[in-house]
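Letter by letter, the chains look like this.
Protein chains: 2
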Amino acid sequence: MIKIIVDTLGGDNSPNANIEGAVAALKENADLSITFVGDKDVIAAKLTELGCGTERTEIVHAPDEISCNDKPTEAIRKKTDSSLFRAIELLKSDGGYNAVVSSGSTGAIIAGEVLKLGRIKGVKRPALCPILPTMKRGIVALCDSGANADCDEIMLHQFAVMASLYMQKAFSVENPKVALLNVGTEEEKGDLLRKAAYKLISEDKSINFVGNMEARDFLKGDVDVVVADGFSGNVLCKSTEGACLEVLKLLKATLTKNVKTKMGALLLKKDLKGIKDFMDYNNYGGAVLLGCSKTVVKAHGSSKALSVKHCVEQAYNIEKNGLRDSIDEAVKVRVESTQEN
Amino acid sequence: MIKIIVDTLGGDNSPNANIEGAVAALKENADLSITFVGDKDVIAAKLTELGCGTERTEIVHAPDEISCNDKPTEAIRKKTDSSLFRAIELLKSDGGYNAVVSSGSTGAIIAGEVLKLGRIKGVKRPALCPILPTMKRGIVALCDSGANADCDEIMLHQFAVMASLYMQKAFSVENPKVALLNVGTEEEKGDLLRKAAYKLISEDKSINFVGNMEARDFLKGDVDVVVADGFSGNVLCKSTEGACLEVLKLLKATLTKNVKTKMGALLLKKDLKGIKDFMDYNNYGGAVLLGCSKTVVKAHGSSKALSVKHCVEQAYNIEKNGLRDSIDEAVKVRVESTQEN
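These protein sequence lines are chains A and B, in that order. All residue numbers for the first sequence refer to numbering that gives the first Met the number 0, where the first residue is 0 and numbers rise by one. All residue numbers for the second sequence refer to numbering that gives the first Met the number 0, where the first residue is 0 and numbers rise by one.
Be a bit skeptical, because a hint or two may be false.
Just so you know, same-sequence chains aren't split out, so a pair can sit in one copy or run between any two.
Claimed, not checked - Under the rule of at most 27 Å between Cα atoms (straight-line distance), these lysine-lysine pairs were calculated in the DSSO-like manner:
#: 1; residue 1: K256; residue 2: K194
#: 2; residue 1: K256; residue 2: K198
#: 3; residue 1: K78; residue 2: K188
#: 4; residue 1: K198; residue 2: K248
#: 5; residue 1: K204; residue 2: K176
#: 6; residue 1: K78; residue 2: K194
#: 7; residue 1: K256; residue 2: K135
#: 8; residue 1: K188; residue 2: K77
#: 9; residue 1: K204; residue 2: K331
#: 10; residue 1: K194; residue 2: K70
#: 11; residue 1: K176; residue 2: K188
#: 12; residue 1: K70; residue 2: K176
#: 13; residue 1: K135; residue 2: K259
#: 14; residue 1: K194; residue 2: K123
#: 15; residue 1: K26; residue 2: K45
#: 16; residue 1: K204; residue 2: K219
Don't read these hints as lab results, they were simulated from the structure.
Using the sequences plus the hints, can you model the full thing?
Below, the structure is given as structure tokens:
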């Protein structure tokens, strides 16, 4: 049985979307159990409404919520009645829980993972790894997207190792293509950090390294993993999101401009929805802090039920396929081989 | 008289677009003269065709072209019959020339500036500063967008000073709002470089510093200058361009999908062109390497006549309003005040 804890609070559509999404995942996976954390009465009522039995479910009462206005490190230590605090504590306990899924504050989730759960031995720093859609209708993982503003080449190498294993274990991508975010594609391009990281990653035969990638090719879908320091990874992630949203806004303004454009929009409605759907994070999974000793999947703050379902299944796959053990082994091998040299 | 040298080769639409654009600028500015560098017969024929007299024009024969396949540093030293080589040499000469406009290889142009023209005394490293359109139908300058992959806080401070002066002198922006690209908006955010740069820039009362800016807000048009190290600036610039292009590609595919969508597209045609125009670099100026001892404006490689015209006028404004002297003075004051402390 894979035991997943679902934080039912903290998202824009909580608790309903979180509960509905988790129940949907429960129905499709016979060896999955869900522990719902939040307001016990609300959860119980919703489960009854959904016709979900108590067989593979459990409810833990923690009705308080950590909001985006709370200071993350403080909230995760002091808000002891909050659903996220309790969820992390449960995962840390010896209750045999596998993972937490939460759509709450990213800062508080990362603080909880780093301060309470700790990292896998040998991992220098855990890295935040979201999944983005590509133009080839696939996905690409970006590692690190912002957990570590200051990085060295050993960290970038570890990000490549962890994210490569992650794509294999969580999304069944065979031999994931890994690229290094850089200012040009040639080997000698970039700053000192990129040059050192390129060397380390290209020498690691366990990684299917395809070389440097420019930011403009990020969404094309030619690679499965993009490795970056947390600063430029954050810039890449947010500028991509920002530019897509701004173009869509322009498009929307154009479509609603006058009677003629509204008629045109009507004819295109169904097909334009395809673009919107494609860019909707609800159709993809959440972000994971790779290298943590426990699995926590961060669903988008505006997650609907479908997104939560994807995140629960993502956590399920990660645990079922033993991602944490794989990272542990990979890091151990590297530490030993470094000591031999 | 402002004397501008126009490289007529090296762009996708050269030499016609370059000559036409320069002539258009010539017609609108009585104290502008243009020196065309390239194939003399081709240039002379085109000028006759355009009905352009010889009064404020000059032709320099240099029919060879530096292409994107040439190694920049080598080409700019050895291709002595190339239009770009000759244009840079002319600018360096004591012929009283003010600036070069070129749509040729960015690498070769930067190499020419750095190796042959040098920088303003006190400027640590020149920075590449392109102009991008914003959602408020204005423009934003990004400095540095890729000339310096490795930066320190003194460089970032100088980028802020130079780009702020640039927006004033080249585009008549009064008291330009300057932001620092960062992973969050709060003062304490970011890596060590950002923290140090934030301190320096915020203490400089000559800069209208509005604080940190996240990459997702880049196109919104709330600021006039975004300061970045060349690595993350390059990521920001290219990912923004890439994401916009990919969304437009999706849109195009949707519009041409079937008869119904094509009908819808027909109704929207004129208005959708507005989006395309908005994102067309031809409607904006070129990129400048700020901090160089001479002015060179790099037009986009696919520049049409309108873009070249804008670039010539950009160079004209930079020279007419004394940008180089302003940077020189600003840097001098700072060097002196640092020595006093």
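How the hints compare with the structure:
Taking identical chains as interchangeable, the C-alpha atoms of K256 and K194 are never at most 27 Å apart, the minima being 50 Å within one chain and 44 Å between chains. In this homomeric assembly, K256 and K198 never come within 27 Å of each other (Cα to Cα): the closest approach is 53 Å inside a single copy and 45 Å across copies. For the homomeric pair K78 and K188, the shortest alpha-carbon distance between copies (24 Å) is at most 27 Å, but the shortest distance inside one copy (47 Å) is not. Taking identical chains as interchangeable, the C-alpha atoms of K198 and K248 are never at most 27 Å apart, the minima being 42 Å within one chain and 35 Å between chains.
Taking the closest pair of Cα atoms, K204 and K176 come within 27 Å of each other only inside a single copy of the chain (12 Å); across copies the shortest separation is 48 Å, beyond that limit. Neither within a single protomer nor between protomers do K78 and K194 lie at most 27 Å apart by alpha-carbon distance, with minima of 44 Å and 30 Å respectively. Proximity of K256 and K135 under a CA criterion of 27 Å is satisfied inter-copy only: 17 Å between copies versus 31 Å inside one chain copy. Taking identical chains as interchangeable, the C-alpha atoms of K188 and K77 lie at most 27 Å apart only when they sit on different chains, with a minimum of 23 Å there against 46 Å within one chain.
When the C-alpha separation of K204 and K331 is checked against a cutoff of 27 Å, the pair qualifies only within one copy, where the shortest distance is 16 Å, while the shortest distance between copies is 52 Å. Taking CA atoms no more than 27 Å apart as the test, K194 paired with K70 passes between copies only; the shortest distance there is 20 Å, against 37 Å inside one copy. In this assembly of identical chains, K176 and K188 lie within 27 Å of each other by CA distance solely inside one copy; the values are 19 Å within and 32 Å between copies. In this homomeric assembly, K70 and K176 never come within 27 Å of each other (Cα to Cα): the closest approach is 38 Å inside a single copy and 29 Å across copies.
Taking the shortest Cα distances, K135 and K259 sit within 27 Å of each other only across copies (24 Å), while inside one copy they are farther apart (33 Å). Proximity of K194 to K123 under the C-alpha cut-off of 27 Å is found in both arrangements, the shortest distances being 19 Å within a copy and 23 Å between copies. For the homomeric pair K26 and K45, the shortest alpha-carbon distance inside one copy (15 Å) is at most 27 Å, but the shortest distance between copies (74 Å) is not. Taking the shortest Cα distances, K204 and K219 sit within 27 Å of each other inside one copy (25 Å), while across copies they are farther apart (43 Å).
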